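Protein chains: 2
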Amino acid sequence: MIKVGIVGYGTIGKRVADAVKLQDDMELVGVTVNSFNYRVLAAAHKKIPLFAIADKQPFLDNGIKIAGTMHDLLEQCKVVVDCTPKKVGVANKAVYQNYPIKAIYQGGEKEHVGDTSFVAQANYDKALGKKHVRVVSCNTTGLSRTLHALDKMFGVESCRATLIRRAADSNDTDTGPINAIVPDMKMPSHHGPDVNTVLPHINIVTNAVIVPTTLMHVHAVQIYLKSPASREDVLELFKHEPRIRLISGKAKLDSTAAIMEEAKDLNLWHHDMMDVCIWDECLYVKGNEVSLFQAVHQESIVVPENIDAIRAVMEVCGKEESISKTNKTLGLVD
Amino acid sequence: MIKVGIVGYGTIGKRVADAVKLQDDMELVGVTVNSFNYRVLAAAHKKIPLFAIADKQPFLDNGIKIAGTMHDLLEQCKVVVDCTPKKVGVANKAVYQNYPIKAIYQGGEKEHVGDTSFVAQANYDKALGKKHVRVVSCNTTGLSRTLHALDKMFGVESCRATLIRRAADSNDTDTGPINAIVPDMKMPSHHGPDVNTVLPHINIVTNAVIVPTTLMHVHAVQIYLKSPASREDVLELFKHEPRIRLISGKAKLDSTAAIMEEAKDLNLWHHDMMDVCIWDECLYVKGNEVSLFQAVHQESIVVPENIDAIRAVMEVCGKEESISKTNKTLGLVD
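Protein chains in written order, with our numbering: chain A, 6 to 339; chain B, 6 to 339.
Only chain A is shown next, with the shape it has when bound in the complex (with noise of 0.2 Å):
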């Protein structure tokens, strides 16, 4: 059993964390929680062992029993995955290194946190036995297993992408635009170089948006494949890659909603699409050239990927193996 702490139980912290107890080689020893809210009486009520990062009179004014402190945590346990905020993260990396662990990171913190960054279907075995691995950002992670799909079948020769991104998670009403687009001052943007993290041989230029919604990110993206498909080739190769997931506008799930609404429907694992999730009727295919639409659901896409990058620096399994535990305890099709 490999035992598993969690640092952070924010949108992330609190998925991985659930996800770890479903698997049958780890154990959940607990997460931290820095302060008092409505998450943290959701994990008590599913008696989640709490850590507290500082203070834990707050918490104990509202009747929330507190297991110890994070040093307490990173004693016990053998995989730390931070989820917290973007440079907490690589902030709290001089803190594990004290401790005889192996450490994950999310993908808001900068390439050089981690020994590798890490894309399961991509790169598992570069993660094999890393002291400091890092999961890519949700983006990031539906453009590597496209186009490390693509790569495998076909070669990709280049990708020019322009990711249509949602301003803010569906809990979060702090942040906007409500009423605008804003494209991403900096070009190319950082999601190109992010992929070559993962990716590096595939020449990548990407730009970006923000729009005001708060379900999923969409991709436009646009391949040149060193060899030339059809349409139908490429269809049948994302039709059996897991953790890709063709949709169809014909069945109505024509826009980020209504993948949401279906994830409900089909009673998904957390209500989450894990999958990065391609509309078929956009796929434009003639030659050497693909152009297509994917969704991104931003709050849950990483979290099969933690629970890889947990096997992986443990070095318990390879990466068919993991992939397809993960796969069956989260409900996503092989």
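It should be emphasised that the hints constitute simulated quantities derived from the structure, not laboratory data. Mixed in with the good hints, there may be bad ones.
It does not matter which identical chain is used: a pair holds within one copy or between any two.
As the list claims (entries may be wrong) - Mimicking DSS-like on lysine-lysine, the simulated pairs with C-alpha atoms at most 30 Å apart in a straight line are:
#	residue 1	residue 2
1	Lys115	Lys191
2	Lys257	Lys115
3	Lys244	Lys83
4	Lys51	Lys131
5	Lys257	Lys191
6	Lys269	Lys191
7	Lys115	Lys291
8	Lys191	Lys244
9	Lys291	Lys51
10	Lys231	Lys191
11	Lys291	Lys157
12	Lys291	Lys231
13	Lys8	Lys83
Fair warning: this is a prediction, and the values are worked out from it, not measured in the lab.
With chain A's structure known, arrange chain B on it following the hints.
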């Protein structure tokens, strides 16, 4: 004096009417009105003669004077500008053909409503003396201006663009989405072929999404030039091209909301942004490849095009003179 009638008094019609009134070589005979609303009240306040499409009683009941019928309007004018919703324009064409008048249609109609499609900078001469001319849609106008400028200077080999479309105009409370990104299930989208009605020789493929905002469209445009250029070359070109405006994120013009606020702060005509706006910081040029973001004010970008189309069909002057006159009267920079 060119006697002009406007059929359809909505978002475009009301602006074209005001713009016609500013031209020293045109006279606004009047506009048609279909139902009583605040736009009609404003038109009456401006003393624009109103011609009722159908029953005039609802207007009289509200104290609005009616000058006659649509037949009366068409009898008095030399050019009719049809600003009705899509499919109504093509139906009206059968009516216009009974009068010795020229007719200008909007981009909601299909290509064949006109003897030519029209964007002043790109193909003014094609419309000279024509009986039926179609001013293309806002998106096509914006793409055509930018592509024509680049094509003139460097040659455009091909273009791939993603259109991030505003969901509704500012006054429209009946249209969604309010929290979703909605891809256009028609892939490629109709915008590429529509650009080809103006610039037939350019290899262009487009796709589109709709996002929950009302202010402007944003285009992510990828262009491959026939000859290489530098970023400075392209900036210099855009700086001197009429109806293209370079905007700067450094000046905090970093969203569609900021652009429309600036249109108010500069007291631009009707507080509209009739230029296609290209972000300086987002312009990426490397060899033959150009990538840019541009914003299009869907409510107004075609207004100067309609004015130029009137002069073209009446053959009263050449392209440069018409563009210059229109720009001067509408406060656009040459």
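How the hints compare with the structure:
no.	hint	in the structure
1	Lys115 - Lys191	within (16 Å within a copy, 38 Å between copies)
2	Lys257 - Lys115	between (38 Å within a copy, 26 Å between copies)
3	Lys244 - Lys83	neither (36 Å within a copy, 59 Å between copies)
4	Lys51 - Lys131	neither (34 Å within a copy, 72 Å between copies)
5	Lys257 - Lys191	between (35 Å within a copy, 13 Å between copies)
6	Lys269 - Lys191	between (36 Å within a copy, 27 Å between copies)
7	Lys115 - Lys291	between (36 Å within a copy, 26 Å between copies)
8	Lys191 - Lys244	between (35 Å within a copy, 21 Å between copies)
9	Lys291 - Lys51	neither (51 Å within a copy, 54 Å between copies)
10	Lys231 - Lys191	both (29 Å within a copy, 26 Å between copies)
11	Lys291 - Lys157	both (19 Å within a copy, 28 Å between copies)
12	Lys291 - Lys231	both (13 Å within a copy, 21 Å between copies)
13	Lys8 - Lys83	within (5 Å within a copy, 83 Å between copies)
Comparing the model with each numbered hint stated earlier shows that hints 3, 4, 9 do not hold.
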